[in-house]
Amino acid sequence: MARDKASKEPHLKTLGDVVRWVVDELGAMCPAPERLQAYNQRPNDPALRDVRYHVEEAQCRICNAERERWKASSQPG
Amino acid sequence: MEPEARDRLLTEIFNSCRPRALRYLKGAFPRLADEAEDILQDAWLEIYSRRAEMELDPPRKLENYILSLVRSRAIDRLREFERRIFRSWQTSSPADSQAHDPEPVEARTPLPSSQVAERERRAKQGLLLSEVLTEFCRWCEKRPQRLAIKETFERSLRGQSPGDIAAAMGVAPASVYQWLHQAREWVRRRVMEKDVDRSVFLTLYGGKATGGT
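Read top to bottom, the protein sequences are chains W and U.
Counting in my numbering, the first sequence runs from 293 upward without gaps.
Counting in my numbering, the second sequence runs from -19 upward without gaps.
Don't take each hint at face value.
[Unchecked claim] Straight-line distance between alpha carbons at most 27 Å, and here's what the computed DSSO-like set of lysine-lysine pairs gives:
{"#": "1", "chain 1": "U", "residue 1": "Lys41", "chain 2": "W", "residue 2": "Lys363"}
{"#": "2", "chain 1": "W", "residue 1": "Lys300", "chain 2": "U", "residue 2": "Lys6"}
{"#": "3", "chain 1": "U", "residue 1": "Lys6", "chain 2": "U", "residue 2": "Lys41"}
{"#": "4", "chain 1": "W", "residue 1": "Lys305", "chain 2": "U", "residue 2": "Lys174"}
{"#": "5", "chain 1": "W", "residue 1": "Lys305", "chain 2": "U", "residue 2": "Lys6"}
{"#": "6", "chain 1": "U", "residue 1": "Lys122", "chain 2": "U", "residue 2": "Lys174"}
{"#": "7", "chain 1": "U", "residue 1": "Lys6", "chain 2": "W", "residue 2": "Lys363"}
None of these hints come from the bench; they were simulated from the model.
Construct the complete structure from the given sequences, taking the supplied hints into account.
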């Protein structure tokens, strides 16, 4: 069991590895939830261009999963 | 509503939300895919222990709460990985620790129990890089003029060169250099102020680095 958990730990050797990992998997550069919500409503708002980069170009998995979840929860039923 | 009926309803709502929560966890945190059931179980225990205060109507409100909770617990697990990585770097091979540990050799001799306890305390308080970057984002988001610094820094952390960043953002390269400098300076200062056990500081500035910031 312990070995299973250890195998899921990322093997990070350098600062570059850590930076990429915390940005990609830990959402360290994710916008605040209210700004992500605002982006959902106003994707062309120039004040949200950093969010656009994060979501559309960098394709943050965490934010996109969050957007999917909001979309699902806003659907009737 | 009777407590038993409330418990039944709570269980029903949680179970109906389960497939969505699992899908969400696996999509957002693929590394934790095998632990998704565990995370959900922990979330259930947490919710059940606070069932008296849970609002069950409308059910969607509780579902959103469940999904926010599993997200937080997933991030807690990943942060625990991060903490272990920093700790392992601090206590890695002697050659490695000599390269990164500024303490004199005599300070590494066996420690009295009070010093061991102090080290433990500090290790628990240690700052994580993910926390520094998250704080940096909140700092940028407080003022509209700082948003360009955030975008520039994120592009840089994701491997774009200053020239590419300037082209993508439609700004002069000089602005990019200035924003990157501001971002790095903010991170450096934050780490120096807050990194009690110096784990992040040593990682960023002690020679472990070979890339990134």
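Hints, verified against the model:
Taking the CA atoms of Lys41/U and Lys363/W, the gap is near 14 Å; set against the 27 Å cutoff, the hint holds. Between the alpha carbons of Lys300/W and Lys6/U the distance comes to roughly 14 Å, so the proposed pair stays at or under 27 Å and holds. For the hint linking Lys6/U to Lys41/U, the alpha-carbon distance of about 22 Å falls within 27 Å, and the restraint holds. Proximity of Lys305/W to Lys174/U is assessed by CA-CA distance (about 24 Å); at most 27 Å being required, the pair is judged to hold.
Between Lys305/W and Lys6/U the alpha-carbon distance is near 25 Å, which keeps this suggested pair within the 27 Å criterion. Restraint check for Lys122/U and Lys174/U: the C-alpha separation of about 20 Å stays at or below 27 Å, so the hint holds. As the CA atoms of Lys6/U and Lys363/W are separated by approximately 17 Å, the hinted pair is consistent with the 27 Å bound.
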